[in-house]
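*Asks:* Here are the chains, one letter per residue:
Protein chains: 2
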Amino acid sequence: MGATIKDVAKLAGVSIKTVSNVLNGYPYLTPATKAKVQEAVAELDYRPNIAARNLRRGRTGIIALALPNMSTPYFAELAERIVREAEKRDLTVLIDCTAGDLEREKLVAEGFRNNLIDGVILQHWSLSERYLRSRPDKPPLVLLGEGPVRSADNVAIDSRQAARTAVTHLLDLGRRRIGVLGARGGRRRPGQPQAAGRRHEGYAEALDAYGIPFDPALVVAPPGAHGPEDVATGVDELLAKSPDIDAIFCLNDRVALGAIRALITRGVRVPSDVAVAGIDDIEAARLTTPSLTTVAPDKAGIARIAVEMLAERIAGTDRPARRVTADAQLIVRESTLGSS
Amino acid sequence: MGATIKDVAKLAGVSIKTVSNVLNGYPYLTPATKAKVQEAVAELDYRPNIAARNLRRGRTGIIALALPNMSTPYFAELAERIVREAEKRDLTVLIDCTAGDLEREKLVAEGFRNNLIDGVILQHWSLSERYLRSRPDKPPLVLLGEGPVRSADNVAIDSRQAARTAVTHLLDLGRRRIGVLGARGGRRRPGQPQAAGRRHEGYAEALDAYGIPFDPALVVAPPGAHGPEDVATGVDELLAKSPDIDAIFCLNDRVALGAIRALITRGVRVPSDVAVAGIDDIEAARLTTPSLTTVAPDKAGIARIAVEMLAERIAGTDRPARRVTADAQLIVRESTLGSS
DNA sequence: GATTGCTTCTATAACGTTGTAGACATCGTT
DNA sequence: AACGATGTCTACAACGTTATAGAAGCAATC
Numbered sequence: 001m002g003a004t005i006k007d008v009a010k011l012a013g014v015s016i017k018t019v020s021n022v023l024n025g026y027p028y029l030t031p032a033t034k035a036k037v038q039e040a041v042a043e044l045d046y047r048p049n050i051a052a053r054n055l056r057r058g059r060t061g062i063i064a065l066a067l068p069n070m071s072t073p074y075f076a077e078l079a080e081r082i083v084r085e086a087e088k089r090d091l092t093v094l095i096d097c098t099a100g101d102l103e104r105e106k107l108v109a110e111g112f113r114n115n116l117i118d119g120v121i122l123q124h125w126s127l128s129e130r131y132l133r134s135r136p137d138k139p140p141l142v143l144l145g146e147g148p149v150r151s152a153d154n155v156a157i158d159s160r161q162a163a164r165t166a167v168t169h170l171l172d173l174g175r176r177r178i179g180v181l182g183a184r185g186g187r188r189r190p191g192q193p194q195a196a197g198r199r200h201e202g203y204a205e206a207l208d209a210y211g212i213p214f215d216p217a218l219v220v221a222p223p224g225a226h227g228p229e230d231v232a233t234g235v236d237e238l239l240a241k242s243p244d245i246d247a248i249f250c251l252n253d254r255v256a257l258g259a260i261r262a263l264i265t266r267g268v269r270v271p272s273d274v275a276v277a278g279i280d281d282i283e284a285a286r287l288t289t290p291s292l293t294t295v296a297p298d299k300a301g302i303a304r305i306a307v308e309m310l311a312e313r314i315a316g317t318d319r320p321a322r323r324v325t326a327d328a329q330l331i332v333r334e335s336t337l338g339s340s
Numbered sequence: 001m002g003a004t005i006k007d008v009a010k011l012a013g014v015s016i017k018t019v020s021n022v023l024n025g026y027p028y029l030t031p032a033t034k035a036k037v038q039e040a041v042a043e044l045d046y047r048p049n050i051a052a053r054n055l056r057r058g059r060t061g062i063i064a065l066a067l068p069n070m071s072t073p074y075f076a077e078l079a080e081r082i083v084r085e086a087e088k089r090d091l092t093v094l095i096d097c098t099a100g101d102l103e104r105e106k107l108v109a110e111g112f113r114n115n116l117i118d119g120v121i122l123q124h125w126s127l128s129e130r131y132l133r134s135r136p137d138k139p140p141l142v143l144l145g146e147g148p149v150r151s152a153d154n155v156a157i158d159s160r161q162a163a164r165t166a167v168t169h170l171l172d173l174g175r176r177r178i179g180v181l182g183a184r185g186g187r188r189r190p191g192q193p194q195a196a197g198r199r200h201e202g203y204a205e206a207l208d209a210y211g212i213p214f215d216p217a218l219v220v221a222p223p224g225a226h227g228p229e230d231v232a233t234g235v236d237e238l239l240a241k242s243p244d245i246d247a248i249f250c251l252n253d254r255v256a257l258g259a260i261r262a263l264i265t266r267g268v269r270v271p272s273d274v275a276v277a278g279i280d281d282i283e284a285a286r287l288t289t290p291s292l293t294t295v296a297p298d299k300a301g302i303a304r305i306a307v308e309m310l311a312e313r314i315a316g317t318d319r320p321a322r323r324v325t326a327d328a329q330l331i332v333r334e335s336t337l338g339s340s
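If you read the sequences in order, they're chains F and Z.
Going by this note's numbering, 38 is the number at position 38 of the first sequence; the sequence numbering is gapless.
Going by this note's numbering, 336 is the number at position 336 of the second sequence; the sequence numbering is gapless.
Just so you know, not all the hints are guaranteed correct.
Same chains, same label: a pair holds when it works inside one copy or across any pair of copies.
[Stated by the list, open to error] Heads up, simulated DSS-like pairs for lysine-lysine below, C-alpha to C-alpha not over 27 Å straight-line:
id, residue 1, residue 2
1, Lys138, Lys10
2, Lys241, Lys17
3, Lys138, Lys6
4, Lys10, Lys36
5, Lys17, Lys34
6, Lys34, Lys10
7, Lys241, Lys10
8, Lys106, Lys17
9, Lys36, Lys241
10, Lys36, Lys6
If you're looking for bench data, these hints aren't it; they were derived computationally from the structure.
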């Protein structure tokens, strides 16, 4: 069915290599032959077999994007930008959902689609520094998200700083009993983002800078998958342990939106009784009432840098792994400031 | 660097075909040779070159998923389910963002990644029946979303019915001045989902069934990309044209959430003054206050059927194009019923 | 007039896999 | 003892492309 380069060559009366040359912009070609070949290509509606080209070139132009999931708005928004950024460089993106599972992340990091992908962008949750250093096969890899990782290129916001910014904002508004809602602080567990710990650190730092002692009664990690119900029980726990709470810092926007809803349905006014801030700036943060104060990572920048670094690795640089810190900006909305 | 099948063969002391046989589960093999080969595979950490396999097999195990974008939560949620569904069938998903652009949709429908993808799942906005019928190259194709399309497999909810369900729900609650907010009704324009028209039809039908005359002053199409600001101006227009409005049916949840916010910030109470309903059941619909009444398409079902039909096409059936209607279920929440 | 250099093109060998066809045992059946 | 049937393995030719090496033509140089 599909015409091959051979058919084109025959029709144009040239060798297959000449056809290949025309297709690949080889400079030494008479306009006449070029025209003949292009005519034949059009005539047969010929399109190169990409599988064959991949085999021959040893490159595919495909990169894998591995994310824990895609229904989380932050990941979806990031994915979109990465796809568009990749497109600019003639790269196609193939999606893997890891569910944050260690084994699946390893598989991806080892480039299990041998010779099918040129490189990997991995939003990692569970990989350790030690593993990355000893990683068996090494396809070009760029990591998204934080972690104690210096063995691979890495782009992320400074989560500690972001948390500090958010909490400082709450402190500046006069809030003093600020709760934290999100993944467990302290020691990291597998299947749990490494950024969580750093966000807790940022929270503690901000308090410290204001001379406010850390109170464990203000820290709650909702169980399970951070679904709306999990978050609601987290809020209940927080309200029970610390009835005098006047703000909640949520480790991400999804949790924050759930928290706002839980607060309101329990008769707590936001922000007058309890202010809420998150991190991520997902679209829904602008759509709710009250809208959500949050720290917005420069998603476009993260995408651009990630693809850039990966492309560089694919091209075959051997510079040491680089860690890039992306911008993050406080966006004040109604959940801390009150309605406009 | 990577070991090839040849290396494995040499190490195991067998022919390359035998190695291939072991890898592909060819039945006639002594346990002894099988073991030898597997040992060699492990020893060399051999993994088949997928590019070569693709070329030889004429199949890649990759399907393209083309969506207008991925930051729209509905598409993101659908994409996730398709990825997971594909995974079950050992298919990998490659993402294309079409932006609803006609040319890009055509490109995808024609399988421009020749021999790189086995088939395409396309959430189409702009393709016409006529085009699909004359589509030059024909990779296996499954369409998502509605349209006057009988020339390719197709999965979608019945948008007219869904709209009717939502609007009937509003009518059952006693609302009589029900506005419509979303893409323009009437004639379809390129770059605009075909479902919009059908949702308008469903709206009209529901009114009709209650003997309520259609009033153009209740219909508004926000300009632009349905961003929160666009929706807000749409709400303003609606309030200006019909101050007695007591409900708004939004063509999708994203618009609905924007509308709720716009209403609340203008001092209109939801649902006591104006009830709001949408279609899609995106996650944020459960996170806002008030939560959003919506018609929930069976996303998992859509994903499953789409992948199923595509797999069937790839396997090479020649049954006529099939149109499957997915379930959609009314989910009543606070935006119409009041707080729980 | 042979040599060199430049342009233009071609024949052929890869790339790493799987399919075809057949070789060679082994076994039970006539 | 010969025969087909079955099990186990192998040599070799594809798949469709690009890279290498070099041929042929032609101009300018020694």
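*Asks:* Now tell me if each hint is right for this structure.
*Replies:* So, going through the hints one by one against the coordinates:
Only between protomers do Lys138 and Lys10 lie at most 27 Å apart by alpha-carbon distance; the minimum there is 24 Å, versus 42 Å within a single protomer. With identical chains, the CA atoms of Lys241 and Lys17 are never at most 27 Å apart, being 76 Å at best within one copy and 68 Å at best between copies. Taking the shortest Cα distances, Lys138 and Lys6 sit within 27 Å of each other only across copies (21 Å), while inside one copy they are farther apart (36 Å). Taking identical chains as interchangeable, the C-alpha atoms of Lys10 and Lys36 lie at most 27 Å apart only when both belong to the same chain, with a minimum of 11 Å there against 46 Å between chains.
Only within a single protomer do Lys17 and Lys34 lie at most 27 Å apart by alpha-carbon distance; the minimum there is 12 Å, versus 41 Å between protomers. In this assembly of identical chains, Lys34 and Lys10 lie within 27 Å of each other by CA distance solely inside one copy; the values are 14 Å within and 45 Å between copies. When the C-alpha separation of Lys241 and Lys10 is checked against a cutoff of 27 Å, the pair qualifies neither within a copy, at 81 Å, nor between copies, at 68 Å. Taking the closest pair of Cα atoms, Lys106 and Lys17 never come within 27 Å of each other, the shortest separation being 41 Å inside a single copy and 30 Å across copies.
In the homo-oligomer, the alpha carbons of Lys36 and Lys241 never lie at most 27 Å apart, since the shortest distance is 80 Å inside one protomer and 63 Å across protomers. Taking the closest pair of Cα atoms, Lys36 and Lys6 come within 27 Å of each other only inside a single copy of the chain (14 Å); across copies the shortest separation is 41 Å, beyond that limit.
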